[in-house]
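Student: Sequence:
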Amino acid sequence: MPDHTSPTTSSTVPLASADEPVYDAPLISPQDAAARLAAGALVVDVRSDAGREKDGVIPGSIRGDRTRLDAQFFLDSPEKLAEVTEWDQEIVIVCGSVRGSGPVAEKLRAQGFTNVSHVDGGFPAWRDAGGPAEAPSTDA
707 MPDHTSPTTS
717 STVPLASADE
727 PVYDAPLISP
737 QDAAARLAAG
747 ALVVDVRSDA
757 GREKDGVIPG
767 SIRGDRTRLD
777 AQFFLDSPEK
787 LAEVTEWDQE
797 IVIVCGSVRG
807 SGPVAEKLRA
817 QGFTNVSHVD
827 GGFPAWRDAG
837 GPAEAPSTDA
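Oh and the sequence shown: position 87 is 793 in our numbering, straight run, nothing missing.
Think of the hints as simulated: they come from the structure by calculation, not from any bench. Be a bit skeptical, because a hint or two may be false.
No farther apart than 20 Å at their CA atoms in a straight line, the calculated lysine to aspartate or glutamate pairs in the EDC-like style are these [what the hints assert, rightly or not]:
#: 1; residue 1: Lys-760; residue 2: Asp-834
#: 2; residue 1: Lys-786; residue 2: Asp-771
#: 3; residue 1: Lys-760; residue 2: Asp-771
#: 4; residue 1: Lys-813; residue 2: Asp-782
#: 5; residue 1: Lys-813; residue 2: Asp-776
#: 6; residue 1: Lys-786; residue 2: Glu-812
#: 7; residue 1: Lys-786; residue 2: Asp-776
#: 8; residue 1: Lys-813; residue 2: Asp-834
Produce the complete structure using the sequences and hints provided.
Tutor: What follows is the structure, given as structure tokens:
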């Protein structure tokens, strides 16, 4: 007989819009993202270089490439981003929208990262909430 006493739940926070997909990664507010960044979380911006050039970047964030997640995030990869240090590190993904950040956060969680979230509304919401932005670094 099936157990109907404990329904399956998801750790994903529902999105404000019914038109947006739901990803298996917590969705946080821009204000929460700012607090996490101030507390030491790694903020990874996965927007295109053109998007970053046009709109600016979150100070203290690093650039991640959505097409190279395995190389940039696996701890034993020779191409791993230097800022990625452990599987339970707090990581906040930001893109232009949840359609960009959601799949990245979901993939990182599926690969074993245990403390990954993404920003509701992406960089535009960050900026609209008064989050700081600066011109992207031209360092190679």
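Student: Does each hint fit the structure? Answer for all of them.
Tutor: Taking the hints in turn, this is what the structure says about them:
no. : hint              : result
1   : Lys-760 x Asp-834 : 15 Å, holds
2   : Lys-786 x Asp-771 : 11 Å, holds
3   : Lys-760 x Asp-771 : 17 Å, holds
4   : Lys-813 x Asp-782 : 17 Å, holds
5   : Lys-813 x Asp-776 : 10 Å, holds
6   : Lys-786 x Glu-812 : 18 Å, holds
7   : Lys-786 x Asp-776 : 8 Å, holds
8   : Lys-813 x Asp-834 : 27 Å, violated
Hint 8 from the earlier list is the only one contradicted by this structure; the remaining hints agree with it.
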